[in-house]
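So the protein lines, in turn, are chains A and B. First residue of the first sequence: 1, per my numbering; consecutive thereafter. First residue of the second sequence: 1001, per my numbering; consecutive thereafter.
Since the hints were made in silico from the structure, they are not lab data. Careful: at least some of the hints might be erroneous.
To be verified - Computed Cβ-Cβ distance ranges for the label pairs, DEER-style: (1) ILE1011/B - LYS92/A: 25 to 35 Å; (2) LEU1170/B - GLU82/A: 38 to 48 Å; (3) GLU48/A - ILE1013/B: 37 to 47 Å; (4) GLY41/A - ILE1130/B: 24 to 34 Å; (5) LEU106/A - ILE1156/B: 42 to 52 Å; (6) SER1063/B - LEU85/A: 47 to 57 Å; (7) GLU48/A - PHE1005/B: 49 to 59 Å; (8) ILE1156/B - SER68/A: 23 to 33 Å; (9) ASP22/A - LEU1009/B: 40 to 50 Å; (10) GLU1059/B - LEU102/A: 46 to 56 Å; (11) PRO88/A - ILE1013/B: 30 to 40 Å; (12) SER28/A - ASN1052/B: 34 to 44 Å; (13) PHE1021/B - ILE112/A: 18 to 28 Å; (14) GLU1166/B - SER107/A: 51 to 61 Å.
Claimed, not checked - As a list, the in silico DSSO-like pairs of lysine-lysine whose alpha-carbon atoms are at most 30 Å apart: (15) LYS1150/B - LYS70/A; (16) LYS70/A - LYS1153/B; (17) LYS70/A - LYS1154/B; (18) LYS1081/B - LYS79/A; (19) LYS1127/B - LYS32/A; (20) LYS79/A - LYS1172/B; (21) LYS27/A - LYS1065/B; (22) LYS79/A - LYS1148/B; (23) LYS62/A - LYS1053/B; (24) LYS2/A - LYS27/A; (25) LYS1122/B - LYS62/A; (26) LYS1103/B - LYS61/A; (27) LYS1115/B - LYS1165/B; (28) LYS1150/B - LYS62/A; (29) LYS1004/B - LYS1091/B; (30) LYS1106/B - LYS61/A; (31) LYS1065/B - LYS79/A; (32) LYS1004/B - LYS115/A; (33) LYS1122/B - LYS79/A; (34) LYS1154/B - LYS32/A; (35) LYS27/A - LYS1127/B; (36) LYS56/A - LYS1150/B; (37) LYS62/A - LYS1172/B; (38) LYS1127/B - LYS79/A; (39) LYS79/A - LYS1115/B; (40) LYS1148/B - LYS62/A.
Small disclaimer: the values here were computed from a predicted structure and weren't measured. Just so it is clear, CB atoms sit at the ideal spot from N, CA and C, and this is done for glycine as well.
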Amino acid sequence: MKIFKLFFIIFFIFSSNQLKADNEDLKSRITKNLRCLICQGQSVYDSESEFANSLKTIVDKKLDEGLSEKQIYNFFEDKYGEWILYDPLFNKNTYFLWLLPLLIFLSGGAIIFKKFIKKN
Amino acid sequence: MKTKFLPFLLILILIIIFIIFYRGLKNNNIYTPETNIINEAPSFSAELLYSNKIVNSSEIFNSNKFYLLNIWSSWCVPCRKEHPILMDLGKNKKIIVVGINYKDTKKNAIEFLDKFGNPYEKIFFDKEGIQSIEWGAYGVPESFVIYKNKILKKYIGPINQQSIKEIESLIK
Chain A
1 MKIFKLFFII FFIFSSNQLK ADNEDLKSRI TKNLRCLICQ GQSVYDSESE FANSLKTIVD
61 KKLDEGLSEK QIYNFFEDKY GEWILYDPLF NKNTYFLWLL PLLIFLSGGA IIFKKFIKKN
Chain B
1001 MKTKFLPFLL ILILIIIFII FYRGLKNNNI YTPETNIINE APSFSAELLY SNKIVNSSEI
1061 FNSNKFYLLN IWSSWCVPCR KEHPILMDLG KNKKIIVVGI NYKDTKKNAI EFLDKFGNPY
1121 EKIFFDKEGI QSIEWGAYGV PESFVIYKNK ILKKYIGPIN QQSIKEIESL IK
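Bound conformation, chain A alone:
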């Protein structure tokens, strides 16, 4: 029985470690996608400024509260505008931006396909 208990404790420690690591990964992913607004060309992840450090604390807190990545982005977008996100969101201002490469790819494919069909 003791061995079982021990196993259980070890398992619990390892699994909570895993959980913590997942949160760390998510945190660094989110902070890498947030622009440090008062620095030049740095993400919040890279910066050690007061502003960036506050943002990191907030990301930590929001993750602990159980907010999703998207909800956290929405929170910051609400406060600072879309500029704070490195990855532009998919909305009516950015349809063109997101769809253009796909459009070019598809039209290129269509041209190749047409030529190929013709040759055969």
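Using the hints, position chain B against chain A.
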């Protein structure tokens, strides 16, 4: 017919892309934060600097008065520069000055106020800088003019005589 249509379409697409990018070149790409936004003032709970009581901000800003919320810190040099202006504004009966003490220690903050005077009616103590982020602040100093829980105006950096004139015309 079909073979002629395709190059024409390609050229048309290229022209459209060119026009869009050309227009994009003319856009001003220097980032300037928006300062004239009318936004709901965020509500937060924070400890007060002197009394250690935890107070919700909406209890304060919901009333029918003008407020100037000033984010400051004892380690911030531009805050020292704007402090006399805030002291003058504190004497104005039409507006109430409220402070958020940003990433500071209580000891230094109180020393600062003892030395330069205290224009604030209430001071929130924001040790981790979290409440300031709720307000969309970039750093210290920063000031917000609030009326009926709405942010009327935002000043990034120290306020000067020019901003005081603007505030006075707002609260007339």
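Do the hints match the structure? See the list:
Separation of ILE1011/B from LYS92/A is about 27 Å and conforms to the stated range, judged on CB atoms against 25 to 35 Å. In this structure the hint that LEU1170/B and GLU82/A lie 38 to 48 Å apart at CB is violated, the actual value being about 28 Å. At about 45 Å, the CB distance of GLU48/A to ILE1013/B agrees with the hint of 37 to 47 Å. Here the CB-CB span from GLY41/A to ILE1130/B is close to 25 Å, well matched to the stated 24 to 34 Å.
Separated by about 45 Å at the C-beta atoms, LEU106/A and ILE1156/B satisfy the suggested range of 42 to 52 Å. For the pair SER1063/B and LEU85/A, the beta carbons lie near 36 Å from each other, so the given range of 47 to 57 Å is not met. Between GLU48/A and PHE1005/B the Cβ separation comes to about 58 Å, which falls inside the hinted range of 49 to 59 Å. Checking the proposed 23 to 33 Å range against ILE1156/B and SER68/A shows it holds: the Cβ atoms sit about 30 Å from each other.
For ASP22/A and LEU1009/B, the hinted distance range of 40 to 50 Å is satisfied, since their beta carbons lie about 48 Å from each other. GLU1059/B and LEU102/A have their C-beta atoms about 51 Å apart, which keeps the hinted 46 to 56 Å range intact. Roughly 22 Å separates the CB atoms of PRO88/A and ILE1013/B, a value that falls outside the hinted 30 to 40 Å. Between SER28/A and ASN1052/B the beta carbon distance is about 35 Å. The supplied range of 34 to 44 Å therefore holds.
Between PHE1021/B and ILE112/A the CB atoms are about 25 Å apart, so this pair conforms to the stated range of 18 to 28 Å. Separated by about 53 Å at the C-beta atoms, GLU1166/B and SER107/A satisfy the suggested range of 51 to 61 Å. In summary, the hint linking LYS1150/B to LYS70/A is supported, as the alpha carbons are separated by about 27 Å, within the 30 Å threshold. With a CA separation close to 29 Å, the supplied pair LYS70/A and LYS1153/B stays within the 30 Å bound.
Between LYS70/A and LYS1154/B the alpha-carbon distance is near 27 Å, which keeps this suggested pair within the 30 Å criterion. At most 30 Å may separate the alpha-carbon atoms for a hinted pair to count; LYS1081/B and LYS79/A meet this at roughly 27 Å. Distance check on the hinted pair: LYS1127/B and LYS32/A sit about 24 Å apart at the alpha-carbon level, within 30 Å; holds. For the suggested pair LYS79/A and LYS1172/B, the alpha carbons sit about 29 Å apart, so the restraint of at most 30 Å is met.
With a C-alpha separation of about 40 Å, the suggested pairing of LYS27/A with LYS1065/B is violated against the 30 Å cut-off. Annotation: proposed proximity of LYS79/A to LYS1148/B holds, straight-line Cα distance about 19 Å (limit 30 Å). A distance of roughly 24 Å separates the Cα atoms of LYS62/A and LYS1053/B; the hinted pair therefore holds under the 30 Å criterion. Proposed proximity of LYS2/A and LYS27/A is contradicted: the alpha carbons are some 37 Å apart, above 30 Å.
At most 30 Å may separate the alpha-carbon atoms for a hinted pair to count; LYS1122/B and LYS62/A meet this at roughly 27 Å. As the CA atoms of LYS1103/B and LYS61/A are separated by approximately 17 Å, the hinted pair is consistent with the 30 Å bound. Between LYS1115/B and LYS1165/B the alpha-carbon distance is near 27 Å, which keeps this suggested pair within the 30 Å criterion. Distance check on the hinted pair: LYS1150/B and LYS62/A sit about 25 Å apart at the alpha-carbon level, within 30 Å; holds.
At roughly 78 Å between alpha-carbon atoms, LYS1004/B and LYS1091/B are farther apart than 30 Å, so this suggested pair is violated. A C-alpha spacing of about 23 Å is found between LYS1106/B and LYS61/A, which places the hinted pair at or below 30 Å, so the restraint holds. A distance of roughly 24 Å separates the Cα atoms of LYS1065/B and LYS79/A; the hinted pair therefore holds under the 30 Å criterion. Taken as a hint, the LYS1004/B and LYS115/A pair is honoured in the structure, with Cα atoms around 14 Å apart against an allowance of 30 Å.
A hinted pair counts as satisfied when its Cα atoms are at most 30 Å apart, and LYS1122/B with LYS79/A qualifies at roughly 24 Å. Between LYS1154/B and LYS32/A, the direct Cα distance comes to roughly 28 Å. Compliance with the 30 Å bound is thereby established for this hinted pair. With a C-alpha separation of about 21 Å, the suggested pairing of LYS27/A with LYS1127/B holds against the 30 Å cut-off. Under the criterion of a C-alpha separation no larger than 30 Å, the hint pairing LYS56/A with LYS1150/B is consistent with the structure, at around 27 Å.
Simply put, LYS62/A and LYS1172/B have alpha-carbon atoms about 40 Å apart, too far for the 30 Å limit, and the pair is violated. With a C-alpha separation of about 20 Å, the suggested pair LYS1127/B and LYS79/A falls inside the 30 Å cut-off, and the hint holds. For the suggested pair LYS79/A and LYS1115/B, the alpha carbons sit about 34 Å apart, so the restraint of at most 30 Å is broken. The straight-line distance between the Cα atoms of LYS1148/B and LYS62/A is roughly 28 Å, inside the 30 Å bound, and the hint therefore holds.
When each numbered hint is compared with the structure, violations occur for hints 2, 6, 11, 21, 24, 29, 37 and 39.
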